[in-house]
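Colleague: Sequence:
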Amino acid sequence: MKTDIQIAQEATMDPITDIAHALGIPDDEIELYGRYKAKISLKAFDRLDAQADGKLILVTAINPTPAGEGKTTTTVGLGDALHRLGKKVVIALREPSLGPSFGVKGGAAGGGYAQIVPMEDINLHFTGDFHAITSAHNLLAAMLDNSIQQGNPLNIDPRQVVFRRVVDLNDRALRNTIIGLGGKADGVPRQSGFDITVASELMAILCLSKNLMDLKARCAKIVVAYTYDGRPVTAADLEAQGSMAVLMKDAIKPNLVQTLEHTPAFVHGGPFANIAHGCNSVIATRLALKLGDYCVTEAGFGADLGAEKFYNLKCRFAGLKPACTVIVATVRALKSHGGVPKTELNQENLEALAKGFGNLEKHIENVAKFGVPAVVAINAFPTDTTAELDYVYARCREMGVDVALSEVWAKGGEGGIELAEKVVAAIENKPSRFQVLYDTELPIKEKIATIVREVYGGNDVTFSAEAEKHIQTFTDLGYGHLPICMAKTQYSLSDDMTKIGRPAGFTVAVREVRLSAGAGFLVAITGAIMTMPGLPKRPAACSIDIDENGKIVGLF
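Sequence positions in the sequence shown follow my numbering and run 1 to 556.
Hints listed in this document are in silico derivations from the structure and should not be mistaken for laboratory results. Every residue, glycine too, gets a C-beta built ideally from N, C-alpha and C.
Computed beta-carbon distance windows for the label pairs:
hint	residue 1	residue 2	range
1	Cys542	Thr383	24 to 34 Å
2	Val436	Lys249	26 to 36 Å
3	Thr383	Gln191	43 to 53 Å
4	Lys369	Gly550	46 to 56 Å
5	Arg397	Cys542	43 to 53 Å
6	Thr383	Val553	21 to 31 Å
7	Gly339	Thr475	36 to 46 Å
8	Ala504	Asp14	44 to 54 Å
Straight-line distance between alpha carbons at most 27 Å, and here's what the computed DSS-like set of lysine-lysine pairs gives:
hint	residue 1	residue 2
9	Lys88	Lys39
10	Lys342	Lys2
11	Lys369	Lys445
Given these sequences and hints, build the entire structure.
Modeller: Here it is in structure tokens:
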């Protein structure tokens with residue numbers, strides 16, 4: 001059995017200019033990064049402004065398990081299948097973070113014969129977008145500390161600095177730090193810490209901005225600290241937004257690559273869904289909708305995180321209307337949600353499957369609450385039995401949702417034809433009545449409680465004394481109208497990763513609320529969620545290597 005990287009390295013790619021030309025993108029809008037990667041100039045939006053949008057297809061999933069679900073693989077395979085059906089389709093995905101690539105989760109380029117390429121580049125430095133975001137973010141942090149050092153003209157209270165530095169690696173030792181040690185010339189000592197780049201507000205800003213000027217305006221609104229009398233201090237107060245935008249002038253342009261079957265794919269932006277909003281950039285999605293009859297995109301982790309934020313944040317901000325949502329599941333993962341240990345997932349177990357189906361059931365119900373037609377994609381495994389598949393089909397149809405077996409990992413686009421046909425049929429026969437879940441003018445606590453009750457299925461929410469203080473402060477400062485970005489474990493509908501399946505009667509604990517004024521939302525941090533992940537005992541980095549010919553091995 002070939003590994004993902006072996007399959008990718010054996011692929012024959014078309015020059016990226018050919019991919020771009022097939023979409024109708026002229027040479028003066030193509031900025032090459034070698035033969036197989038390109039950025040597309042934002043001038044394309046002016047040219048395509050009057051072009052009607054295509055249909056937006058969101059791919060989401062059940063809560064992830066050790067068994068694996070294959071959401072990105074399904075996204076790529078569905079795009080390839082639509083391409084095989086003669087549809088003009090563009091895929092839009094997030095960029096992978098170096099943190100999970102060298103940690104435990106792996107990359108985000110799909111798998112098997114449903115991948116985007118060049119796989120190594122995409123999963124490593126790619127076109128440098130994350131480095132630009134990291135640099136711009138840390139420039140603002142440096143200017144903040146420099147202002148305090150240089151006489152503190154803004155009257156910043158060092159105990160109320162809320163802007164942390166970032167790095168795009170899993171490094172738990174940086175979660176909590178003390179900076180400014182060494183004497184008067186080395187800065188003002190204070191407690192701080194690092195987040196991973198994909199959790200930064202600047203990543204969210206890149207992904208939600210409409211253009212470069214919108215990005216600069218959003219950067220200006222970032223609240224970095226508070227004065228001694230409680231006034232928020234912004235990046236604009238530090239005069240940092242111009243330099244930040246300069247560092248991100250290329251990063252804001254969407255990256256064009258291709259699948260193994262030469263379907264065009266934009267890969268741009270990469271916020272995590274458990275600690276950020278989990279969607280690729282608005283710019284890439286909007287451009288894909290202008291260039292294709294269908295745009296297939298994904299949202300991170302399960303539908304309780306990625307899809308909820310896609311609907312309530314990205315679609316709200318960008319005015320998007322999804323036409324269909326695909327919910328990915330596997331028989332193995334459903335049995336895992338039913339309590340079966342990983343070592344026993346290959347054995348038929350209808351009782352556990354019935355119990356675990358509750359997780360998929362809840363996600364189907366949630367998608368319906370947003371008024372979007374759904375199709376369930378069962379990512380096929382050789383160990384799936386006919387009885388198990390029949391059970392899932394029957395339960396889905398009882399709920400009025402169509403279901404298709406997806407074999408894209410093994411067969412590429414050919415293995416997704418049934419899924420593609422059912423998605424097209426759902427779009428044509430079940431018009432989307434998309435709606436967001438809550439009004440942003442509701443009080444902060446009520447917005448959080450709505451997500452917990454309606455999306456997670458919880459009974460109640462508790463707030464720590466610190467979270468209560470944050471909510472009151474943000475309300476008093478005029479930020480109470482912002483929508484909510486929940487930071488929560490991806491493994492459960494609750495905030496407790498051990499509560500698998502479809503838990504009930506639980507309470508979600510919000511321990512902290514952070515303001516992302518530039519991105520335009522409030523982040524509610526629940527349970528034990530961390531904004532700086534750590535490495536496992538044996539990181540994936542231990543198995544990654546390169547030979548004398550420059551060939552990378554061990555990268556998935």
